[in-house]
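Colleague: What follows is each chain in one-letter form.
2 protein chains.
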Amino acid sequence: MTGPYPSGSTATGAGDAAVFRDLTGIVLDALAQGTADRGGPLPSGGPDEVAARTRAAIGAVLPQHGVGPEAALREVVGAAARGAADPAHPHCVAHLHTPALAVAVAADLAASALNPSMDSWDQAPAAAVVEGEVTAALARLVLPRAAAPDALITSGGTEANLLALLFARERAARAGTSPLRVVCGANAHHSVHRAAWVLGLPEPRTLPCTRGRLTPDVVADALREHRGPTLVVATAGTTDEGLIDPLPQLAEVTAAHGAELHVDAAYGGPLCFSDALAPRLAGLDAAVSVTFDLHKLGWQPLAAGALVLADAAAVRHLSHRADYLNAEDDTEAGLPDLLGRSLRTSRRPDALKVAVTMRALGRSGIGALVEHCVRTAEGFADAVDAHPAVRRRPGRIDISTVLFRPTAADDLSDEEGDALVAAVRRRLLHEGRAVLGRAVAEDADGLRRLWLKATLLHPAASVDDLGELLDLVAAVAAVRAPAPAPTNNGDAP
Amino acid sequence: MTGPYPSGSTATGAGDAAVFRDLTGIVLDALAQGTADRGGPLPSGGPDEVAARTRAAIGAVLPQHGVGPEAALREVVGAAARGAADPAHPHCVAHLHTPALAVAVAADLAASALNPSMDSWDQAPAAAVVEGEVTAALARLVLPRAAAPDALITSGGTEANLLALLFARERAARAGTSPLRVVCGANAHHSVHRAAWVLGLPEPRTLPCTRGRLTPDVVADALREHRGPTLVVATAGTTDEGLIDPLPQLAEVTAAHGAELHVDAAYGGPLCFSDALAPRLAGLDAAVSVTFDLHKLGWQPLAAGALVLADAAAVRHLSHRADYLNAEDDTEAGLPDLLGRSLRTSRRPDALKVAVTMRALGRSGIGALVEHCVRTAEGFADAVDAHPAVRRRPGRIDISTVLFRPTAADDLSDEEGDALVAAVRRRLLHEGRAVLGRAVAEDADGLRRLWLKATLLHPAASVDDLGELLDLVAAVAAVRAPAPAPTNNGDAP
Chain A
922 MTGPYPSGST ATGAGDAAVF RDLTGIVLDA LAQGTADRGG PLPSGGPDEV AARTRAAIGA
982 VLPQHGVGPE AALREVVGAA ARGAADPAHP HCVAHLHTPA LAVAVAADLA ASALNPSMDS
1042 WDQAPAAAVV EGEVTAALAR LVLPRAAAPD ALITSGGTEA NLLALLFARE RAARAGTSPL
1102 RVVCGANAHH SVHRAAWVLG LPEPRTLPCT RGRLTPDVVA DALREHRGPT LVVATAGTTD
1162 EGLIDPLPQL AEVTAAHGAE LHVDAAYGGP LCFSDALAPR LAGLDAAVSV TFDLHKLGWQ
1222 PLAAGALVLA DAAAVRHLSH RADYLNAEDD TEAGLPDLLG RSLRTSRRPD ALKVAVTMRA
1282 LGRSGIGALV EHCVRTAEGF ADAVDAHPAV RRRPGRIDIS TVLFRPTAAD DLSDEEGDAL
1342 VAAVRRRLLH EGRAVLGRAV AEDADGLRRL WLKATLLHPA ASVDDLGELL DLVAAVAAVR
1402 APAPAPTNNG DAP
Chain Z
922 MTGPYPSGST ATGAGDAAVF RDLTGIVLDA LAQGTADRGG PLPSGGPDEV AARTRAAIGA
982 VLPQHGVGPE AALREVVGAA ARGAADPAHP HCVAHLHTPA LAVAVAADLA ASALNPSMDS
1042 WDQAPAAAVV EGEVTAALAR LVLPRAAAPD ALITSGGTEA NLLALLFARE RAARAGTSPL
1102 RVVCGANAHH SVHRAAWVLG LPEPRTLPCT RGRLTPDVVA DALREHRGPT LVVATAGTTD
1162 EGLIDPLPQL AEVTAAHGAE LHVDAAYGGP LCFSDALAPR LAGLDAAVSV TFDLHKLGWQ
1222 PLAAGALVLA DAAAVRHLSH RADYLNAEDD TEAGLPDLLG RSLRTSRRPD ALKVAVTMRA
1282 LGRSGIGALV EHCVRTAEGF ADAVDAHPAV RRRPGRIDIS TVLFRPTAAD DLSDEEGDAL
1342 VAAVRRRLLH EGRAVLGRAV AEDADGLRRL WLKATLLHPA ASVDDLGELL DLVAAVAAVR
1402 APAPAPTNNG DAP
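Line order of the protein sequences matches chains A and Z.
Going by the numbering used here, the first residue of the first sequence is number 922, and it counts up by one from there.
Going by the numbering used here, the first residue of the second sequence is number 922, and it counts up by one from there.
For reference, chain A alone in the conformation it holds in the complex (with noise of 0.2 angstroms):
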């Protein structure tokens, strides 16, 4: 070892604590430098250039002798600090990627710290707790009139989507009538799709979609076309447009089936953290199983997700016994049996960051977060709306997504102006100014185009703060545009 600390400095140990916080204080400079030297949402260049400057920064990775703690952590944090795309940046919009709270990455410190894992009482005692207090209260809070509803942590959507899947699965082989067969809108995460491809699943059925939300005729007609179990999946907060399916009718037709429906709100679901907003979600309550997540409207850093149950037996699919974790005579002794909570075996503490936010905020905090964002999203959307060189996807913003083009995208073919949207999208990318979405979405005379997507969880950025966002746009479309194509160009017969 080259460098001034012991190698084998842990983070908790008995002696290591000085060692500890002088590496974390490493770790504060080098994020406020990286940021600082970045000045932008993301770095400019592209990507081979990003890849070349963060190679030369980080040197080789797993060198014969090493450099030391402190000069690993400067150039590395350096280098990914400087190479980030900072969804706390006012332009960084693009995606489901949230700017986490200040509040809950210091918590989730102590997780890394503690480093307990959730699969035996005996390596996470009070972390399990808290752990168990997170569900029961997200429970609670999602599914409020289930009689018995549980949650389990996941590593995000995709994971709690794979796990309702899995749960239909074996309600239906137990049932022991026809395998599940899933029915999804063409809305639907893709995850649904994965999940049924990884479980061994038939491909589901995907429904097409009306103005980007499942219908509940088109549900009902291919339930009256299928027999046998069903899991029905509907969406609260879409990828692509951030809108919600109509859940009370979709509850209504899966029921008079005898279908059971799983909604997929990991971005819709922290509506319900606020009065005012909560009633966007109406229908939930008849859902067998709910897709949660809180490191999209939640401000968490990843991972935060969890799927929440009506019906906590259901849990019991995932019973398990592995003696060195929880043997029979253990259990019956009264040692927790936790590896039946997930299908993960070792596994973060992702519950503490939530719990500390939770106690920090309390519900109305975080549901003023929440407003906050729905109000800035229909704020950015009034901008929009009133800018001369951009134009919005017609429709209501159910969540905080709002889709917008250039009015330069209209004076070309449809092909051309798609690829426009997608050619500036990926300018402001290289040049660093902004990080944009992309969706294809249904425009107001029926055909699909390409839009830019701005989806906004940022808990303190402001109207202001995202206007600078349209002229950049705006000013990118206008070099970029070719001249205007000949009339008729794309309209061949």
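Honestly, I wouldn't trust all of these hints.
A short list of chain A residues far from chain Z (calculated; beta carbon distances all over 12 angstroms) [unchecked claim]: (1) D1043; (2) H1147; (3) E1173; (4) D1331; (5) S1334; (6) D1366.
Rough simulated footprint, nothing fancy, chain A against chain Z, three-plus residues with beta-carbon under 8 angstroms [unchecked claim]: (7) 1011 to 1019; (8) 1294 to 1300.
Hints were generated in silico from the structure; no laboratory data involved.
For each residue, glycine too, the CB sits at the ideal point set by N, CA and C.
Chain A is already provided as a structure; the job is to place chain Z on it using the hints.
Modeller: Same frame as chain A, now just chain Z:
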């Protein structure tokens, strides 16, 4: 909000650095205080008392109005620290539950603060480069002779084993022959069975082991009985005994029958950092995939798993298009496609702390820590052998796991002896004095008995630190041992 901090402060936003620094300071104080208050390897009093104390300390986890970040951090982090089973204490040795290095935990703080998500380039421009460097280095380290190795970051051994089975399932499906059959030893980790269940595969064929190891002859017999695509799962570092299956012989017999070999080296894999110990993993080169994990013998906070692949082409099975993350025209325009690197979508940059640790310590520094653990285990085994009131499970120590039991248990019937061993473990847990594991393993007479398990992962603890454990075990066993059973008890015909 009642707290002194603005509720919307982010970890990296402009002007937020001072708040974030203050909050991490509170966490460091709460960790140090909580650890001092606990004063031992785990809290005393047993599950119910720990739960009651923890609940009282943290209060309502989702109050209507928050208590503010400072108070919430003090309360919840303090409770988590007081109630932790702390692997940085030398008497916490039950599981593959590692004391996290200060440098790794400090680096992990940057992961949470920057919060890159590994599913698209525009959420993780530099973090994706860091992950690429780490996976390339791990692939070369673990499978140095493979022509085009690759590695995927996972949430641990469980996800790595699942991916290994998934890739094998897909190879079998594309070959169009019969479905995949998995063959493993009784010593295989439970996640192999769980993965088969999740993936809709038949229950693995589970073969008996000899003194804790899978032997080539039983594998050969099983492969002769079964035609069609087969994945043999061997283990380098079994959970119960820390043993390494005879990999060269298993590789030979597997190849001879046209089957494939997967090696679960979640525990033993890091021996390859040490030139002295790497030969114990001879035969690994024959594997199509290797489960590898740095949150065990690598001192990373959870999670730091990987699946190392002999042929990078296997990753294509995860290839997956979701326009918002990897639209075809974006990929063609040079934006790296990250989505096909995991089953997860949103994903924390777990590679960041690994990069910092590997660069800080180097291969030699990590190797030296691994050697320290192996040497400590050997020294501890000698201490067991020298102690009058405990005896060791006979046989070689392959890595750093030592099985032993109080000799008082040998004076009882088999059943009562095992019950004593289990009771000693639970008593030490209840009193907050030691966290020992348990394992059923073959004794010298061929009978399977229950043992106490010490898994020695501490990068700095000495044999002397551990010696006290044996006196603790002996003292508790002496108190709890019932009067010797009458002669012939348990010997009924």
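Colleague: Are all C-beta atoms of chain Z more than 12 angstroms from that of A/D1331?
Modeller: Check passes; 19 angstroms lies beyond 12 angstroms.
Colleague: Taking the shortest Cβ-to-Cβ distance between A/H1147 and chain Z, state whether it exceeds 12 angstroms.
Modeller: 20 angstroms, holds
Colleague: Is the nearest CB of chain Z more than 12 angstroms from the CB of A/D1366?
Modeller: 21 angstroms, holds
Colleague: Given as covered by chain A, does the stretch 1294 to 1300 of chain Z meet the bar of three residues or more with CB within less than 8 angstroms?
Modeller: violated (count 0)
Colleague: According to the definition I'm using, a residue is off the interface if its beta carbon is farther than 12 angstroms from all beta carbons of the partner; does A/D1043 meet that for chain Z?
Modeller: The claim is violated: A/D1043 sits with its nearest Cβ about 5 angstroms from chain Z, within 12 angstroms.
Colleague: For A/E1173, which was marked as not at the interface, is the minimum beta-carbon distance to chain Z over 12 angstroms?
Modeller: 30 angstroms, holds
Colleague: Test coverage of the stretch 1011 to 1019 of chain Z by chain A using CB-CB distances below 8 angstroms; three residues minimum.
Modeller: holds (count 5)
Colleague: The output says A/S1334 does not contact chain Z. Does that hold with a beta carbon cutoff of 12 angstroms?
Modeller: 16 angstroms, holds
When held up to the earlier numbered hints, the structure conflicts with 1 and 8 and fits the remainder.
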